[in-house]
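> Got chain A; can you put chains B, C and D on it based on the hints?
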Amino acid sequence: MARIGVFICHCGENISATVDVEKVARLASKLSGVAFSVDYKYMCSDPGQTLIVDAIRKHKLTGIVVGACSPRMHEGTFRKAAEKAGINPYFCEMANIREHCSWVHPKSDETTQKALDIVRTMVEKVKNDTALFPIKVPVTKTALVIGGGIAGIQAALDIANAGHQVILVEKTPSIGGHMSQLSETFPTLDCSQCILTPRMVEVAQHPNITLHTFAEVENVTGFIGNFDVNIRLKAKSVDFSKCTGCGSCWQKCPSKKIPDEFNAGMSFRTAIYTPFPQAVPNKPVIDRANCTWFTKDGKCGVCAKICPMGAIDYTIQDEIINVKVGAIVTATGFDIKHSDFFPEYGYGKHPDIIDGLQFERLASASGPTGGEIRRPSDGKVPETVVFLACAGSRDKAKGIEYCSKICCMYTAKHAMLYKHKNHHGKAYVFYMDIRSAGKSYDEFVRRAIEEDDVNYIRGRVSKIYEKNGKLMVVGVDTLLNAKPVTIEADLVVLATAVVANEDAESVAQKLHISYDKHKFFAEAHPKLKPVETNTAGITLAGACQSAKDIPETVAQASAAAAKTIILFSGSELTREPVVATVNRSAAPVYTTCTGCFLCQEVCPYQAIEREEIRDRAGNLLMNAARVNAGLCQGCGTCVAMCRNKSIDLQGFSNQQMLSEVMGLLNEPFE
Amino acid sequence: MAETFEPKIVAFVCNWCTYAGADLAGTSRTKYATNVRIIRFPCTGRIDFMLLIKAFQNGADGIIVSGCHPNDCHYTSGNFHARRRWMVFKSLLDFMGFPTDRITFSWVSAAEGKKWADLVNETTESVRALGPFTDYKNLDFTQFNQIDHEGIAEQSR
Amino acid sequence: MKELQNKAAELLENGTINLLIGFCEDGSKRAVPCFIETAAEANTLVFNQDCKNNLSVYLHKKEVKDAVKIGLVANVATLRSVLQLLSENQLWSLTLTYLTVNGAGELVVLSSAEELEGYVQANFPTCRPEDQEMLDKLNAMSREERWAFWKDQLSECVKCYACRAVCPMCYCTVCTTECNQPQWIKTSAETSGNFEYHTMRAMHLAGRCINCGECGRICPAGIPVHLLTAQMNQEIEQEFGGKTGWSLKGGYALNSFKPGDKENFIK
Amino acid sequence: MELKLISTTDIAAFFDGLLKAGKVVVAPVLKQSGKVFFKPVQSFAEVATEYIQTTFSAKEVVFPKVEELFTYKHNEEGGLDFNDYLDRIPETVIWGLRPCDAAGFDYLNVFFLQEHPDAYFKARYDKTTLVTMSCSTCDESCFCTSVDSHPGDTKGSDVLLTAMDGKYYVEVMTEKGSSLINNNLELFTSTETLSKERFLAKPATRFSMEEIKDRIQNAYDSVEWKQASMGCYSCGACAFACPTCTCFDIQDEGTQDHGKRVRCWDACALSQFTKHASGHNPRKTQTERRRQRLMHKFKYSVENLGIVSCVGCGRCIRVCPSHLNIFENILSVTK
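Chains as they are written, first to last, in my numbering: chain A, 113 to 782; chain B, 2 to 158; chain C, 6 to 272; chain D, 11 to 345.
Fair warning: there could be bad hints in the mix.
[Unchecked claim] Partner residues are not named here, just some residues of chain A that face chain C (Cβ under 8 angstroms, in silico):
#  : residue
1  : Thr704
2  : Thr706
3  : Gly707
4  : Leu710
5  : Val714
6  : Gln718
7  : Asn735
8  : Met753
9  : Arg755
10 : Asn756
11 : Lys757
12 : Asn766
13 : Leu770
[To be verified] Here are the simulated distance ranges between beta carbons:
#  : chain 1 : residue 1 : chain 2 : residue 2 : range
14 : A       : Ser697    : C       : Asn23     : 25 to 33 angstroms
15 : C       : Thr100    : A       : Lys629    : 40 to 48 angstroms
16 : D       : Ser342    : C       : Asn19     : 25 to 33 angstroms
Source of the hints: derived by calculation from the structure; they are not laboratory data.
Backbone N, C-alpha and C fix where the C-beta goes; we use that ideal spot for every residue, glycine too.
Only chain A is shown next, with the shape it has when bound in the complex (with noise of 0.2 angstroms):
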């Protein structure tokens, strides 16, 4: 038989000015089931705390009810009190009579009345309490981060800086991602390379960093603190172990003619590789798909017999790696639509229509031009130079309505960069808005437009076609109450729609995270949860989350960091017990679940799991659903939906919910 104990308390005046508190506490103590009843003017006070305590231990109390502020307020306080006495902190509830009833009603017998049932309402619910214990997760301290580009690379530094083991996963054969491609950043055009490539060698080196390029993640199980990853390793047909990067393999393949990916397409590369001067492991890799020895089977081999280490081994086959590891940071980066996404801008045919990455190449000192910017069509120095902000950005027509965020700031430094490298030179920038939100990034705007003297000319670009040497660019100028204005350019540079990775889907389907309709992968929550995803253990960084610049995405990587870090900081994760749990009990009936799952799909956190029933002989009895205590959150949505209550959720179960719903509505006396 329960003997609870009920408190109220006065807050001083905030709830005795309204609510007789001492007829409460007298009714309370009529109730079925109460043994004790007191009111008090500070129940949150020591003395207050104190005086909980001693009654618990004096009337041998099971459970009790604090008649205050509410639970949002003071619950953890009085739990820990009712612990302090020696009884699970869970047969504690709050009666919410001051927010919800003193102070939004007047002095009258009606609102002593409504505290009253308030109280008689949570009195119900702790006779139906049951004791709950934190759930402990165990936690493996290693990090996974997938994607080797600046997120990926300062949220790895980061954790492992923490001394935490992290292990870096990169499709390519370097990291260093879209950032080593850049070649001066806005706003303070310092070169791109020069600040990275540190951070790069940093991660080469870290003791606390396992580095796989040319590897992808193969397959994602487990759970938060957890996770059991499979990671792919890539033939690299090199022997690391061997390989001293001496490069005169890649100089004397005779395959030379592969378009080559660092340079955007704008120059070749060879079939055994490393892609680019500064790469991280500078080690090559064969492209097998381009190399004569794979696809006219055996033909060739010179960069076997030229190597001095003897390297190159053409039998090395990819490899499966299995890790364990505790979080996960997602940082697989972004991609960019190509100038052949624009029909009316020439599907991508004239080599002279090109986009932003590709200008970041001729512009870079490391690019094919060896920084000069020369028209890819025939090398010429172009005279004139038409940048076309939001290309395809911010345009239903397109499927692409968001904007790409970084176009604004890269566009003006492309026309700065022109400008400096060609003082007579002439840089026109079509543009709807200039978004240029950011520490001294307007500046930097206003420096292209009024230093640099870049035309600006607000308006969009309806056409692009050639006439005797020329790309004709007919735009429109809004402000010149919209005046069509044709421009006779050399070079055109598209600042294209950042978008998400081709791969995009398939990655956030082996990891089990959402995904947007434009397939960039989604937050827990827009504002709260901006680094987390709904897969807890799994957060984000950087582009593959949405367009972001550098700054931002650094930041974000860091805070993923973090997150990784303080779920690292315990051996064991420990949870709430407001968790939903399906019914077990002994044979013949194990379980009352039906096996429908149609619970697994109201999961926002795939929390649900399969588990198969067995007898001794091991035949199967049964499929039933089964909570992962480490990923529910405790939202209870799939016990609202079971049809036979097979699921409860502990601390607000059914029981409790009906009872207080019988309780409420019973008055057993005036």
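Chains B, C and D only, in chain A's frame:
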């Protein structure tokens, strides 16, 4: 029957938005009708439609169900699931001739203390206008159990 | 008929199935469910207009499950319920073969879930006219009239649970009506308890019911309970789209949502 | 026993007399579902005329589907106040039940009053009078003649009315019966014994009770039970429609503070009926449950109470969703 009828209204609310909204109404001392009694759930997704039936059966005259606005759910999608259930549940009750105007569904965020107060007042008034909800309780009559149930009901009040 | 009997005999003979669930005639020439285990008995099989029972419900029965390889003589409604059951991860322990007769009166044998799906989609039934008539009638009524209608109907319910027993979708081993910690549904057949029970049942079947109409047809008290789920299904189909018992993938309206779901009553 | 006659035209007057006397009159009423139920009625006009059998039996009057035994209420002293209603049960007449139904009351009496008299049943039964109507029609499901009864049987009735052209032949069997007649004596004329034979229905005789009584002794292990029960959906329709099924369940409805204790019908066909809290169920399969029902009717009740508890009304056959047929089953398992 009392001189003026005071409806009993039960509110099923989620912890993160409407409960907090009601707290805000308190902290900002916004006055409203005393008729409502709040029952706190983690999320509107947790609210079992059977609880509404039970509340009416046990004497509620009106019910408020409220949670986070769409897209604001603490658990991202609980209120979306809840909304579908409400849509289906409401039309079922309508089809069975149940007076669904005694149920108020609403979104009240943690910032909408005022909206909460108004909601309670409006609901109280509309339910007061509808009068005591007896249809349902009077169903507790079994044809050959020839006992004056009204009488019993009186006694047990 | 003969064709059906021969096929059944053949399947039992060659061990494709160990048990055939079909119809035969009882003493008073009524088509009743029958359970055939040997080819010899196959000649008692009948399949005609009064073969109304939805035999798929027997697939939940222990004695039947034990046979593992089962043949099912089924009309489209029955096939549709099997499809829905498969989409709800039921019947996993069984190997099923379906025998039905198509519109042209030819025997059709379906031996895989995919074939089943194909056939059901090609022969998808529409709402029975008499039901539609009743639904329209009820929807045309005033709220009070509907209340009076159901109050009168449900007062006859004795909670024999025949509606639950004949429903292939009511496969829970322990129904909510039997939960007593807490007691969700009154055990007693008082009208309010009956109202609770039928609301609960309708909610649990909304978006899952395959409209075979059995619950209404067999109700000893003649309560048209099937109208509740029929109405719900129609509304759900309009509001959220999707058909019950349509595909193996399922697609349950009440465990999914669209951020843009439209309603007009949430303040 | 008294014998009377009353003309068809006066029967309504007799009926109204009962109402005027302040009795609750429960009679067959045709509902929109096309089914006939026993209902308290206010006028003779409401009474159904064309019916072979009501869907549910008249046992509901003395053994309600839900019966409030008492209510309880928590008082301020921390105790409970109880309240029951035995004293408030009105005089009731059941009008137009069939002889098989009336015969069912014989069994109910034995069951509820023989060993441990049941106060609730007794209170209702003592205030109830049965005015039975002989059957002039029957259907495929009727088999009263197989269980030692017939369409004109007076067993269990207080008054038996048999329609003969233009008049009713009235057999007054009991004190209760004659008190009804005496209140409206002017409507009746005395008569000598008449033969009802040609006015009665002729249901097919399916078996001889004598033979079944001994053959059923070894029926328990019959292999036929499986076939006889495979079709059973395990609902309670048969038991709830049956005039002699008396199984009930007692439930407390409400909260710790106040509520009521109710007695409601239960049925051995329901899988939960014998289920233990442990989950163990002594009657695992429907075969065992179906066997229990039939063996109880024809064997156990004879052994325990000395009376066959099947009256051949055929209700279980009519309501069964899968058309299980009790007499066909009985024949098959006693082969």
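> Which hints, by number, does the structure contradict?
6
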